[in-house]
Amino acid sequence: MFTAIVRADTLQATLDSIGVLVDECKIHLTEDGLEIRAVDPANVGMVDLALATDAFESYEADGGLIGVNLVRLQDIAGMASGDDLVHLDLDEETRKLHISIDGLEYTLALIDPESIREEPDLPDLDLSATIVIEGRDIDRAVTAADMVSDHIELGIEENDELFYVAAEGDTDDVHLELGQDDLIDLTVGPASSLFSLDYLQDMNKAIPKGTEVTMELGEEFPVKLHFDFAEGDGTVTYMLAPRIQNN
Amino acid sequence: MFTAIVRADTLQATLDSIGVLVDECKIHLTEDGLEIRAVDPANVGMVDLALATDAFESYEADGGLIGVNLVRLQDIAGMASGDDLVHLDLDEETRKLHISIDGLEYTLALIDPESIREEPDLPDLDLSATIVIEGRDIDRAVTAADMVSDHIELGIEENDELFYVAAEGDTDDVHLELGQDDLIDLTVGPASSLFSLDYLQDMNKAIPKGTEVTMELGEEFPVKLHFDFAEGDGTVTYMLAPRIQNN
Amino acid sequence: MFTAIVRADTLQATLDSIGVLVDECKIHLTEDGLEIRAVDPANVGMVDLALATDAFESYEADGGLIGVNLVRLQDIAGMASGDDLVHLDLDEETRKLHISIDGLEYTLALIDPESIREEPDLPDLDLSATIVIEGRDIDRAVTAADMVSDHIELGIEENDELFYVAAEGDTDDVHLELGQDDLIDLTVGPASSLFSLDYLQDMNKAIPKGTEVTMELGEEFPVKLHFDFAEGDGTVTYMLAPRIQNN
Numbered sequence: 055m056f057t058a059i060v061r062a063d064t065l066q067a068t069l070d071s072i073g074v075l076v077d078e079c080k081i082h083l084t085e086d087g088l089e090i091r092a093v094d095p096a097n098v099g100m101v102d103l104a105l106a107t108d109a110f111e112s113y114e115a116d117g118g119l120i121g122v123n124l125v126r127l128q129d130i131a132g133m134a135s136g137d138d139l140v141h142l143d144l145d146e147e148t149r150k151l152h153i154s155i156d157g158l159e160y161t162l163a164l165i166d167p168e169s170i171r172e173e174p175d176l177p178d179l180d181l182s183a184t185i186v187i188e189g190r191d192i193d194r195a196v197t198a199a200d201m202v203s204d205h206i207e208l209g210i211e212e213n214d215e216l217f218y219v220a221a222e223g224d225t226d227d228v229h230l231e232l233g234q235d236d237l238i239d240l241t242v243g244p245a246s247s248l249f250s251l252d253y254l255q256d257m258n259k260a261i262p263k264g265t266e267v268t269m270e271l272g273e274e275f276p277v278k279l280h281f282d283f284a285e286g287d288g289t290v291t292y293m294l295a296p297r298i299q300n301n
Numbered sequence: 055m056f057t058a059i060v061r062a063d064t065l066q067a068t069l070d071s072i073g074v075l076v077d078e079c080k081i082h083l084t085e086d087g088l089e090i091r092a093v094d095p096a097n098v099g100m101v102d103l104a105l106a107t108d109a110f111e112s113y114e115a116d117g118g119l120i121g122v123n124l125v126r127l128q129d130i131a132g133m134a135s136g137d138d139l140v141h142l143d144l145d146e147e148t149r150k151l152h153i154s155i156d157g158l159e160y161t162l163a164l165i166d167p168e169s170i171r172e173e174p175d176l177p178d179l180d181l182s183a184t185i186v187i188e189g190r191d192i193d194r195a196v197t198a199a200d201m202v203s204d205h206i207e208l209g210i211e212e213n214d215e216l217f218y219v220a221a222e223g224d225t226d227d228v229h230l231e232l233g234q235d236d237l238i239d240l241t242v243g244p245a246s247s248l249f250s251l252d253y254l255q256d257m258n259k260a261i262p263k264g265t266e267v268t269m270e271l272g273e274e275f276p277v278k279l280h281f282d283f284a285e286g287d288g289t290v291t292y293m294l295a296p297r298i299q300n301n
Numbered sequence: 055m056f057t058a059i060v061r062a063d064t065l066q067a068t069l070d071s072i073g074v075l076v077d078e079c080k081i082h083l084t085e086d087g088l089e090i091r092a093v094d095p096a097n098v099g100m101v102d103l104a105l106a107t108d109a110f111e112s113y114e115a116d117g118g119l120i121g122v123n124l125v126r127l128q129d130i131a132g133m134a135s136g137d138d139l140v141h142l143d144l145d146e147e148t149r150k151l152h153i154s155i156d157g158l159e160y161t162l163a164l165i166d167p168e169s170i171r172e173e174p175d176l177p178d179l180d181l182s183a184t185i186v187i188e189g190r191d192i193d194r195a196v197t198a199a200d201m202v203s204d205h206i207e208l209g210i211e212e213n214d215e216l217f218y219v220a221a222e223g224d225t226d227d228v229h230l231e232l233g234q235d236d237l238i239d240l241t242v243g244p245a246s247s248l249f250s251l252d253y254l255q256d257m258n259k260a261i262p263k264g265t266e267v268t269m270e271l272g273e274e275f276p277v278k279l280h281f282d283f284a285e286g287d288g289t290v291t292y293m294l295a296p297r298i299q300n301n
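Protein chains in written order, with our numbering: chain A, 55 to 301; chain B, 55 to 301; chain C, 55 to 301.
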């Protein structure tokens with residue numbers, strides 16, 4: 055059983071956060087809210103999202119699992135304005151999701167969850183550095199790096215207590231250094247890893263510019279990016295595997 | 055003889071209403087204003103437009119007929135701002151239309167009306183149901199239906215006194231029901247017809263979102279869509295032939 | 055030696071004015087400011103730009119010459135908002151330009167000036183007519199002319215004291231006449247020349263709509279277009295060679 059009412063912008067933020075990595079996903083309809091974990095086809099980028107019941111106008115579920123076509127669901131949610139209410143109702147017999155927006159009813163055929171790529175286990179990593187940064191600074195770094203390269207290095211200069219972003223192209227370079235004063239918070243530790251810009255750009259698309267993002271970094275380890283949405287009732291954690299540095 | 059001055063937005067609305075169906079049209083320059091009737095190449099969608107002399111700043115005509123390239127004329131009108139005045143002058147000898155916008159003069163070669171597809175006779179249909187609806191609700195219905203199908207069903211549920219829109223896709227469905235309270239007015243009667251979404255989307259493009267549209271429906275009959283523009287001095291009637299329902 | 059700080063919008067206007075004609079250019083770093091001259095590959099359009107030291111927040115240079123990839127530099131400048139300050143520093147040893155915008159550092163490899171097309175000498179022409187016109191009127195004329203032709207005639211009707219723009223297409227014509235009252239200033243003289251619209255459109259892109267442009271015209275002679283930017287501390291002169299009229 056699943057029936058819920060949610061603001062369109064909350065639903066859109068949920069779907070967009072997953073949709074930058076995958077086209078289909080499984081959604082756990084738990085008593086505490088929605089839970090989604092997904093990994094991209096190349097096993098490089100992962101996402102772990104939770105949307106608590108407090109993010110909903112009303113919510114009732116008893117632990118089911120559904121598979122959805124995200125692109126289709128994003129199109130439907132995209133028809134609503136931000137503060138429109140979206141009604142979601144699962145018909146367990148027909149395995150269809152009824153979506154209703156201001157009188158408009160959309161019946162979405164669900165996908166057999168068995169046919170969707172298995173959900174990843176997000177490894178519990180002990181990452182030595184933590185950077186709390188505004189979404190718009192991630193955007194600037196990623197956009198600038200993309201002008202010169204398809205890789206980006208994220209790291210810490212421990213002596214100067216700086217977080218840095220670096221991208222090296224064939225002729226041009228991009229470098230950004232942010233200290234304690236430029237960041238919301240910074241916990242230094244040995245950290246330096248190289249990442250694919252493609253993935254980071256996709257994740258960047260889903261990160262609101264004004265949002266506080268907690269980034270965890272290590273030495274040639276994955277990066278974790280964590281942020282809240284829906285006034286704190288939604289949480290997203292991205293994890294991106296590093297590329298091997300060829301120094 | 056034809057010489058007239060008209061606001062750019064009035065001219066643009068006129069041309070756009072016809073331009074969604076055809077690229078060329080005949081314009082009757084009557085003493086009472088402009089009259090245009092056209093049918094698309096497949097004989098499925100028709101339009102009947104009248105723009106009364108009151109819609110013009112000044113207007114003089116004595117019953118001529120001209121053929122115009124709508125795309126070209128839309129481009130020219132599109133150069134003006136909404137409240138710019140557009141001067142139109144027909145040179146009967148050269149068969150050219152002089153269009154002047156704030157000092158800029160455009161000389162448009164006319165098309166021989168004989169070479170343009172014959173104007174349709176709009177059949178006088180006795181349609182049993184009348185729905186008066188906002189343009190934005192037509193837009194919502196058409197946009198949603200397009201996500202799942204290339205046909206759309208419009209009809210009346212007589213018992214519940216509802217106007218409904220339905221589209222059935224291979225896996226997903228869209229349904230919209232609007233009652234007396236959701237509509238500006240509703241006169242029920244037996245009505246249910248299937249239409250091609252392509253045509254309805256084209257017509258929808260020309261219907262202002264805030265406009266009141268009168269829709270007339272029957273049982274497997276054409277739909278008529280009627281709306282005013284230019285503060286009531288312009289009227290547009292679209293007629294769209296039904297598709298055969300395969301139930 | 056070259057080190058300077060400049061508002062992003064001033065830098066963007068500088069680069070855009072040159073970038074509509076060429077992809078690479080030489081920049082003279084004189085004591086009085088930046089100087090750039092360039093000609094397009096077909097030798098038809100030329101630009102002469104100067105940006106005085108007063109346009110900068112700070113400026114120090116001693117007469118060097120650098121070659122830059124304009125497209126790359128436009129991309130970098132485009133990352134900044136209008137009133138952001140852009141720091142420019144030339145590393146003479148590595149021949150790289152360090153560009154810093156709010157903490158983001160971009161290292162741009164310079165191009166050997168010898169490898170860039172030679173700078174043109176702008177001929178000192180004695181043009182008989184001078185038209186001072188708003189940028190938006192040039193935009194209107196060029197946009198309308200483009201609907202019917204790929205050439206545009208600019209000239210003076212001496213008897214009526216009018217500046218005219220004319221374009222003749224296969225079927226349609228465009229004509230614009232502007233008198234003393236429609237222009238900021240007009241000095242008549244024998245003038246009539248035909249130009250390629252492509253080039254004039256490119257130049258038009260770089261001319262702000264609200265800017266006062268001084269146009270100098272002659273009989274089958276090049277046209278000169280002159281305007282200021284950066285509150286008068288920057289000046290741009292375009293020169294466009296005429297096409298041969300086939301009357």
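Please note that the accuracy of each hint is not assured.
Copies of the same chain look alike in the list, so a pair counts if it fits in one copy or across any two.
Dumping the calculated EDC-like pairs for lysine to aspartate or glutamate here, alpha-carbon to alpha-carbon at most 16 Å [to be verified]:
{"id": "1", "residue 1": "Lys259", "residue 2": "Glu173"}
{"id": "2", "residue 1": "Lys80", "residue 2": "Glu173"}
{"id": "3", "residue 1": "Lys259", "residue 2": "Asp193"}
{"id": "4", "residue 1": "Lys259", "residue 2": "Glu211"}
{"id": "5", "residue 1": "Lys263", "residue 2": "Asp108"}
For the record, the hints were derived by calculation from the structure and aren't laboratory data.
*List, from low to high, the hint numbers that the structure doesn't satisfy.*
The structure breaks hints 1, 4, 5; every other hint is satisfied.
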